[in-house]
Amino acid sequence: MSGPRADGAAPAAPRSSRARRAAALRRLLSGPRLAGLFALLVALHWGLTGVRVVREDEQAVVLRFGAITRLAPAGILFTLPWPIERSLALRTAEVRTMPIGYRIADAARGPGPSTREIEWVTGDNNIIDLTLTLKYVISDPVAYLYAVGPVEADFLVRRCAEAGLTEMIACLPVDELLTAGKGRVQEETRRRTQADLDSLGAGIRIVTVNIGGVVPPANVIAAFNDVSTAKIEKARMINEADGYAKDSLPRARAMGHRAVQEAESYREATVNRARGEVSGFNDLLAEARRARAVTEMRIYLEAMERILPRARKVIVDESAGGQLRLLE
Amino acid sequence: MRRTVALLAAAAAALLLLLSCAYEIQPAECGIVLFFGEPARIVREPGLHWKLPPPIETLVRIDLRLHILDPSEAEYLTLDKKNVLVDAFAAWQVEDPLRYLVTVVDRRTAEAQLEDIVRSELGSALGTRELTALISTVPGDVHMDQIMQGITERAREKAADGYGILVRTVGLKRLNFPEENRQAIFRRMEAERERIARQYRSEGEEQAEMVRAQADLEQARILAEAERRAQEIRGEADAEAARIYAEAYAEDQDFYEFLRTLAAYEKFIDQDATIVLPSDSRLLRLLRQPHLGETP
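Chains as they are written, first to last, in the numbering used here: chain A, 1 to 328; chain B, 1 to 296.
FYI, nobody ran anything at the bench for these hints, they're computed from the structure. Glycine residues also receive a C-beta, built at the ideal position from the N, C-alpha and C atoms.
DSSO-like cross-link-like pairs, simulated, lysine-lysine; straight-line CA separation at most 30 Å:
#, chain 1, residue 1, chain 2, residue 2
1, B, 158, B, 81
2, A, 182, B, 82
3, A, 313, B, 267
Okay, the calculated bits of chain A under chain B, using three or more residues with CB under 8 Å as the criterion:
#, region
4, 63 to 70
5, 221 to 231
Can you build the whole structure from these sequences, using the hints too?
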């Protein structure tokens, strides 16, 4: 009920203001003013081609008609507008990774590295699987961009590292590679690769070289593992023998000690028995010295009491002319 | 109005003409200006340059940066008739742009030519060397760097003369053996490992046996030593006892003889012995004639 009335009252005022605005726009877009606005926008846009932000991890190279004029650090960079000056930003702080012996894509997706990539020939004509990861940064943006070219420079890192590794491994015996040689290979790879890259002026600095793994190829790994087992077995056998020695020697010492102890106790016993017997003898002798005949008689008769009961006895009567007469 | 349009068109045409006369040379790039198709001048300086508009003068750009040639691996025969798979690479760049332009035109052709050079140099270099010059654990045997140096130099000569290319380096990025040899190598590796494993095991046995024997010897020595000591002590004891007896019995030899003789009787007279006693012996005389009350 209130709608129609509101409809009827409202339209008058907006219609007039809308018309006014349309008229102003028509004036602005007509004739020389429009051209002026267009020129201003184009000029502004053109001027803005000379402004860019160089990010924290980047460095920019500024070229004027293709010639390098300066290097710009991170921050807002103002250059003359295109096509007079151009700038190229490079992520120089970024540490890049180069896999040797495998591919990052393969490692991420699952399939193992191909034998052609992972295999290396050692000095003793063995084949070994080795993977290595190189980390590097761009040390000289200009050289990186213009001595080799961005894509090929990364590729060159790989080629130089592979050449260094091939040469190095071809002089090393497989056992050294599997055990102590890793650190040396890492260091030497870094040194050689850096030297090669420097001589080619690649503008790249190797940061680290890490051996991911050194293992014998899959079809001979069992034999290599058996060598490790044998090594452990050898140690175990020697250990056991040591254990035997450590056990048997104290035992022998104990036995020897006991034999000596027994001899000592024999000595005690023998000497004490002698002392005892001698002391008995001395007692008897002292008695005998006081009354020799009586003592000797007593001892004699006591001995006879002990001896005669067990022997057969024959008593001969002397007065009867020596005839035998058995007592029993 | 018509005049204005004509002016504008003329200005645009002039601008286009001006633009076709200007060109930029980037770093590590060189331009060859061709005058009706004939090389007229080489521009190496990076920056803005001018030439006559085409078709009078045209520009060819040549990349002077380092390129990497990466031919596929190939089998080579060494002097001692061993097959090796060699995967090489070469780093090269344009040295003489004009000759490069005239002889090879583009990178693909250049690399095909260079690949032929590298392959033939590799073949002839490896064919005059034994395998141990590439692979050996004997210090001083391996001359890989020297071989690659030689290949680089000869390839450099050929490429420079023929194509205006500078070969910076030829490197050996991978060495391996052909498939049929690889199987033999794996078998040999296995045999080698078996030998080493056996050696470890017998060394273990040997050393363990030595330790045991040493321990046994030591044990025997300890026991013998103890036995000797025990015998000494027993001997000392016997001597001591003998001395004690001798000292005491020397006091009265007759009395000792008396006692000892009685003790001997006790030992050797048993139930098998027969003792003949005269009836008038001192022991028995009382049986016959008791002298009662007469004892002294």
